[in-house]
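*Asks:* Sequence:
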Amino acid sequence: MEQIHEKLLAWADELQSFHLPKWEELPDLELYMDQVLTVIDKYLSPVIQSEKHPLLTAAMVNNYVKLHIIPAPIKKKYNRKHLAFLLAITSLKQVLTINEIRTGILFQGKQVGIRKAYDLFCCEQEEAIHFIKQQIDGPIRLEKQATPLELIAVKAATRSFAEKLLAEKMIELEQQYLEKVEKSE
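Residue numbers (our numbering): 1 to 185.
Certain hints may be false.
[Claimed, not checked] Straight-line distance between alpha carbons at most 20 Å, and here's what the computed DMTMM-like set of lysine to aspartate or glutamate pairs gives:
1) K164 x E24
2) K169 x E2
3) K76 x D34
4) K7 x D119
5) K169 x E25
6) K155 x E127
7) K81 x E2
8) K155 x E124
9) K169 x D13
10) K66 x E25
11) K164 x E124
12) K180 x E168
13) K42 x E24
14) K133 x E174
15) K164 x E51
16) K93 x E51
17) K133 x E172
18) K22 x E168
19) K164 x E126
20) K110 x E150
21) K42 x D28
22) K7 x E174
23) K93 x E168
24) K75 x E30
25) K22 x D119
26) K116 x E127
27) K110 x E127
28) K77 x E25
29) K66 x D119
30) K93 x E127
31) K93 x D41
32) K42 x E30
33) K81 x D137
34) K7 x E150
35) K169 x D137
36) K81 x E124
Calculated directly from the structure, the hints in this document are not laboratory data.
Please model the complete structure; the sequences and the hints are all you need to start from.
*Replies:* The following block contains the structure:
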């Protein structure tokens with residue numbers, strides 16, 4: 001069991017450096033599909049097991065365009081706005097349906113605008129991921145202030161993603177432990 005705890009702590013330390021690019025940090029140039037997929041993979045592969053959950057494919061992007069979840073590319077090129085949508089969608093689809101994500105994006109966009117909504121999502125997702133490290137490190141203090149009504153959905157979704165991430169990692173470590181025990185018996 002000590003080995004599981006040590007591996008979990010090491011993984012939690014890796015999570016501490018997790019960062020989603022804010023709007024101004026996203027590339028400010030137009031990208032082709034393969035470049036978009038590379039950018040999304042770069043930012044999300046530390047927290048989404050791609051062998052278990054495909055991060056993003058060209059077919060997925062095309063479906064998001066057809067469903068009017070993201071704007072159509074301009075001359076097969078994608079910009080900062082596309083990247084923001086795709087980072088949020090790829091994360092959130094781990095815990096929400098595409099229709100729920102679409103509604104959430106539309107709601108947040110109307111409340112504060114796409115740029116602020118995206119930056120809010122990034123901050124909430126990072127906070128939720130970093131909260132996992134706190135859980136692993138020991139006793140935690142839950143927030144004492146009320147969550148504004150318009151932020152409940154985004155907070156719940158980002159925390160759900162982070163909690164799912166922790167559950168998957170713990171199960172992976174437990175499986176490794178069981179396999180090791182079986183070999184030694």
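*Asks:* Does each hint hold? Answer for all of them.
*Replies:* Here is what the structure says about each hint:
Our distance criterion of 20 Å between C-alpha atoms is broken by K164 and E24, whose separation comes to about 28 Å. With a C-alpha separation of about 16 Å, the suggested pairing of K169 with E2 holds against the 20 Å cut-off. For the hint pairing K76 with D34, the CA-to-CA distance comes to about 11 Å; that is within 20 Å, so the pair holds. The straight-line distance between the Cα atoms of K7 and D119 is roughly 31 Å, outside the 20 Å bound, and the hint therefore fails.
Proximity of K169 to E25 is assessed by CA-CA distance (about 29 Å); at most 20 Å being required, the pair is judged violated. For the hint pairing K155 with E127, the CA-to-CA distance comes to about 9 Å; that is within 20 Å, so the pair holds. The suggested pairing of K81 with E2 is violated, with an alpha-carbon distance near 45 Å, which exceeds 20 Å. Annotation: proposed proximity of K155 to E124 holds, straight-line Cα distance about 6 Å (limit 20 Å).
With a C-alpha separation of about 13 Å, the suggested pair K169 and D13 falls inside the 20 Å cut-off, and the hint holds. Annotation: proposed proximity of K66 to E25 is violated, straight-line Cα distance about 27 Å (limit 20 Å). A threshold of 20 Å between alpha carbons decides the hint, and for K164 with E124 the separation of about 15 Å falls inside it, so the pair holds. The straight-line distance between the Cα atoms of K180 and E168 is roughly 18 Å, inside the 20 Å bound, and the hint therefore holds.
With a CA separation close to 17 Å, the supplied pair K42 and E24 stays within the 20 Å bound. Note on K133 and E174: the hinted pairing holds, with a Cα-Cα distance of about 18 Å set against a maximum of 20 Å. A hinted pair counts as satisfied when its Cα atoms are at most 20 Å apart, and K164 with E51 qualifies at roughly 16 Å. A distance of roughly 16 Å separates the Cα atoms of K93 and E51; the hinted pair therefore holds under the 20 Å criterion.
Under the criterion of a C-alpha separation no larger than 20 Å, the hint pairing K133 with E172 is consistent with the structure, at around 17 Å. Among the hinted pairs, K22 with E168 is inconsistent with the structure: their alpha-carbon atoms are about 26 Å apart, more than 20 Å. In summary, the hint linking K164 to E126 is supported, as the alpha carbons are separated by about 14 Å, within the 20 Å threshold. With a C-alpha separation of about 11 Å, the suggested pair K110 and E150 falls inside the 20 Å cut-off, and the hint holds.
Distance restraint check for K42 and D28: the Cα-Cα separation of roughly 16 Å lies within the 20 Å cut-off, and the hinted pair is therefore satisfied. Simply put, K7 and E174 have alpha-carbon atoms about 11 Å apart, close enough for the 20 Å limit, and the pair holds. Simply put, K93 and E168 have alpha-carbon atoms about 16 Å apart, close enough for the 20 Å limit, and the pair holds. Proposed proximity of K75 and E30 is supported: the alpha carbons are some 10 Å apart, at most 20 Å.
With a C-alpha separation of about 5 Å, the suggested pair K22 and D119 falls inside the 20 Å cut-off, and the hint holds. Note on K116 and E127: the hinted pairing holds, with a Cα-Cα distance of about 16 Å set against a maximum of 20 Å. Pair hint K110 plus E127 does not hold up; C-alpha atoms about 23 Å apart against a cutoff of 20 Å. With a CA separation close to 18 Å, the supplied pair K77 and E25 stays within the 20 Å bound.
The suggested pairing of K66 with D119 is violated, with an alpha-carbon distance near 25 Å, which exceeds 20 Å. For the given pair, K93 sits about 18 Å from E127 by alpha-carbon distance, which is consistent with the 20 Å threshold. Of the supplied pair hints, the one linking K93 and D41 holds, its CA atoms being roughly 15 Å apart against a limit of 20 Å. Between K42 and E30 the CA atoms are separated by roughly 17 Å; this keeps the pair inside 20 Å, and the hint holds.
For a cut-off of 20 Å, the pair hint linking K81 to D137 is broken: about 36 Å separates their Cα positions. Of the supplied pair hints, the one linking K7 and E150 is violated, its CA atoms being roughly 37 Å apart against a limit of 20 Å. Proposed proximity of K169 and D137 is supported: the alpha carbons are some 15 Å apart, at most 20 Å. Restraint check for K81 and E124: the C-alpha separation of about 19 Å stays at or below 20 Å, so the hint holds.
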